[in-house]
Amino acid sequence: MSKTKLDEINRNIYDIKNKDEYDFKIKKGLTPEIIEEISKQKNDPEWMKEFRLKALEVYNKLELPTWGPDISELNMDEIATYVRPKTGLSNSWEDVPDDIKNTFDKLGIPEAERTSLAGVGAQYDSEVVYHSMKEDLIKQGVIYTDMETAVREYPELVKEHFMKCVPVYDHKFVALHGAVWSGGSFVYVPKGVKVDIPLQSYFRLNSPESGQFEHTLIIVDEGASLHFIEGCSAPKYNKVNLHAGCVELYVKDNAYLRYSTIENWSKNMLNLNTKKAIVGKNAKMDWVSGSFGSKISMLYPMSILNGEGAKTEYTGISFAGGGQNLDNGFKVVHNSPNTSSLVNAKSISKNGGKCTYRSLVRINENAKNSKSSVSCESLMLDDISISDTIPTNDIRTDEVEFSHEAKIGKISDKTIFYLMSRGMSEEDAKAMIVRGFANPIAKELPVEYAVEMNNLINLELEGAIG
Amino acid sequence: MNNIKLNETPVRTSRNFNINNIKLENIKVPEQISEFENITITGDTSKTNIEQNANKIDLVYGLSKDFINQVNTQSNQKLKLTIDSKKNSQTQMEFNFDEENNTLVENIEIIAKENTRSTIILKYLSEEEVEAFHNGIIRVNAKENANIDIILINLMNTISNNFIAIQNTLENNSKVNYYIIDFGGKNSVTNYYSNLIGENSQNTLNTIYLGKENQLFDLNYIAEARGKKSNINIEVQGALKDNAKKHFKGTIDFKKGCKKATGNENENCMLLSDTAKSIALPMLLCSEEDVEGNHSSSAGKIGEKELFYIMSRGFEQKEAMKLMVRAKFNKILDNIQNQELKDEILQEIDKRID
Amino acid sequence: MVPGLFGNLKNCQINPEPLATLETLENLAILETLNSRKEIEMSNKLLEIKDLYVNAEEKEILKGINLEINKGEIHVIMGPNGSGKTTTANAILNNPAYTKINGSITFEGENINNFKTDEIARKGIFMSFQLPEEIPGVSVTNFLKYAKNKMTGKPVKIFEFKDELKKYMDELNMNPKNMDRSLNVGFSGGEKKKNEILQMLVLNPKLAILDETDSGLDVDAIRTVSKGIEMFKNDNNAVLIITHNTKILHSLKVDFVHVLVNGRIVKTGTQELAKEIEENGYEKYKKISAQ
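Chains as they are written, first to last, in the working numbering: chain A, 1 to 466; chain B, 467 to 820; chain C, 821 to 1111.
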């Protein structure tokens, strides 16, 4: 398996023989020629090539968002350079910024993983772990493979679902993704199969070209259930700083899917990821999301509750430090009767960081007897940081129960005094309150991830409060 | 007939959410403004000086450049009120739209001098059949320690267009309390902006709106806390029946330096039909640590249990509904001291729900 | 019961003379014995407040408080609302929201006026809050484990600790499920107060200050709180109960009762004093204070 992986790296789409010529070609914008070249290198079937070219057309038509964080540092005229071969860059351990190396140390990430996470090492051989898990699941018909393989080996399934949930015209970066996507995971859980161990994309993201435009497609068929974990708490470093991945989730009737993410991209990253789930009758979709890294993040996972009785929950936390602008939130559309959504969003801003909670709750005309309850809390750790809450609540029928609550503030002096009266220093007290604040998210994660998240919070808090 | 775009929010969100501004089609924005003479002003001129003159202004927000411009260049009513009394002075201005007076473009400037107390009532009425147009700007400058209540009552018919832009400046220890009764207009679009510069300044905004038929309400309320210990309170209670629609955009913005400021925003919409629509964007923006901000927003129909309870006491459903709506609105109306006015509003509620 | 200890009487500022009289006898042996007893007294002394003036939000609340508490004693400060009871407790713990204008607070011979709250807590002073804070996301167990660790400076063994916790919770009629709930979040008033007593038992301080721990509780809960205090109490520690009513004194024996009115202690007595106040209220003492 690891050999297959190495083959893939060798077949790297961007590994073009005449480098200079290639560079010349892509000077301005993206052209059909570049897309065709990518498609050829990927060994795409014809339909995928056509798809990419169509996406490119859409991409060229759409405009940049007129709202949210300023992403003008992204030079759209030179967008092709973001798609450029990374193998051409001379990545070395020495180039990895010190703060990331330090974080690896403090989190206790093994040596072999570090180089891989930093995007400079050879593929970390995790396939063994992954494979044994797969053996067990194969018997039940579960498919878990990389996206390129899925396109070739499961064309029907992929064709039926690929970018149907997130259509390319959603926004400009989705269109870009559609044109240049590469890598990612494909999961299919057959009817009635309950996968009881979480599947993790942790190591799958480490090949040099993935983790930038990766595509995740998960289909949980009727009555099946799955917990999928994306990413990890170690910071991933990538020289190329645009991430426009796409996650499409299909939760069929009576199925259950939990999708957990701890995102800690290096702090030069523009994270413009798109995640969406279509939820069937009496099915449930749970999102758990921790957002720690990136320079700019615009991330609004979305549940579309199409089936009657569909449910969704979102539990998310953002932690923005100096120089970070994390514009995160959740979107839900209630399209059927008796659907429900529950949102619990938290954010922490410190050292001049900015957190924005941006959301949409739409309850459409036919979603009778639906319920939605949203709660967001923002914690300010100093007076140079910023915290905004921008929720849109769009209610189009009367038989609903909708409520939204938000709070902004600092840690109360009274609470600090209470904890100090129990023998804790001011710093300990604040850290305890912050950890408690983040606990509802930690609680939703598998233990090892919760521990890592706690470490991460401690690390972020170091010296930030006192 | 114009297609117009108005009432931009201070911070944009996704365009797909259709809430950053309001687009209105086929609005008759009059180019020639005729006279408007149907004004009745009652009050004590010894306490409040009224001049038929008001300064030009460039609003921080406002409805749109064109709308501000219209007021600045074409207003057919200019009123400048200077309040200079420590005892409560009350001034009422009633604007009646009829066949001849169907267009009002007014510029109202209110200056509440130091340590004064006052109540200003602004009432807009229209005859049933008249398709009126109203574009008004109201500015309030509350000096130190001034305490001013503004009661704004829009009882226009449901075929008229009502546009209002409000801008308040609050100096140290001043209190500005608004009560907005927003019932009329095919389209009723309000832009409200308060700048709490002063320490300990307090701004309260209480709104009730009631929509029926195809009425559209677009409320864009913005309050910025700048002064230390400043306090903002926004309470909005509304009910929508038939195909009525409302957009509520409420922004509390804690600016850097407003230590110990507090802000609360509460918005509730009762949906009385399954074709009524409510969009809310209750924003909290915060660049200061030592503050307390809360907002809550809710929507839904009247609780069945409550309805059942009232009906079990012999009320028919419609009566019970009226009672519930009145109960919700009373929370806000109770603050209006003028009983006559309150009764008039309550009657209007009953009339419009029927 | 009137306390029988020599030191107590002295402490109560009733009779400091005998020492001087004895000195004139020049009976060295007796003097030596007494001196050594004095040393014992010294080491018996836990808290000493001298001429304490405290402001809250620039308003003068305490206007010259004097108080001494020895090991083995239970003291009660009673007083009407707004008399400065809670301020006294907060001043001892040096809550930054209160400003000491004058006077000193000494704990075990050390001036703790300017110690940070957590340092004071680690010295062995505990305060049960009138309105305990809610800490979402931090369970009772984890909180107490962490606090205990901070107090003792030693690692806490989780299983033993949980057993100890469970034992105390049984005694206090607390729902064992509360162990895993977030601290005070969604607790009823009674549960919060019991939780404070639980913390007192677990952290085992030298001096426990209970600020209105009995207020708002029903008879059964008050009895439970009294039971907690009795479990805690021994010859080496002390309790200071702050209350505006006398209910808790029905189920608890105390050594001293101080009446605090308008920022001053206007009367000190025994449990009898509490009875008197129960019958006649504070009117009499308000008059004294007004004079």
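Since the hints were made in silico from the structure, they are not lab data. There's no promise every hint is true.
What the hints assert, rightly or not - Pairs of lysine to aspartate or glutamate, EDC-like flavour, derived with a Cα cap of 20 Å: (1) B:Lys784 - B:Glu665; (2) B:Lys767 - A:Glu57; (3) B:Lys726 - C:Glu930; (4) B:Lys695 - A:Glu426; (5) B:Lys711 - A:Glu401; (6) C:Lys965 - A:Asp428; (7) B:Lys589 - B:Glu770; (8) B:Lys694 - C:Glu930; (9) A:Lys368 - B:Asp800; (10) C:Lys970 - A:Asp382; (11) B:Lys767 - A:Asp136; (12) B:Lys725 - A:Asp382; (13) A:Lys139 - A:Glu57; (14) B:Lys694 - B:Asp740; (15) C:Lys943 - C:Glu930; (16) B:Lys771 - A:Glu401; (17) C:Lys936 - A:Glu401; (18) C:Lys970 - A:Glu401; (19) A:Lys61 - A:Glu135; (20) B:Lys579 - B:Glu560; (21) B:Lys544 - B:Glu497.
To be verified - Not everything, but these chain A residues come out facing chain C in the computed CB check (under 7 Å): (22) Met420; (23) Ser421; (24) Ser425.
For each residue, glycine too, the CB sits at the ideal point set by N, CA and C.
Non-conforming hints, listed in increasing numerical order: Result: hints 1, 2, 3, 4, 7, 8, 9, 10, 11, 13, 14, 17, 18, 19, 20 break, sorted rising.
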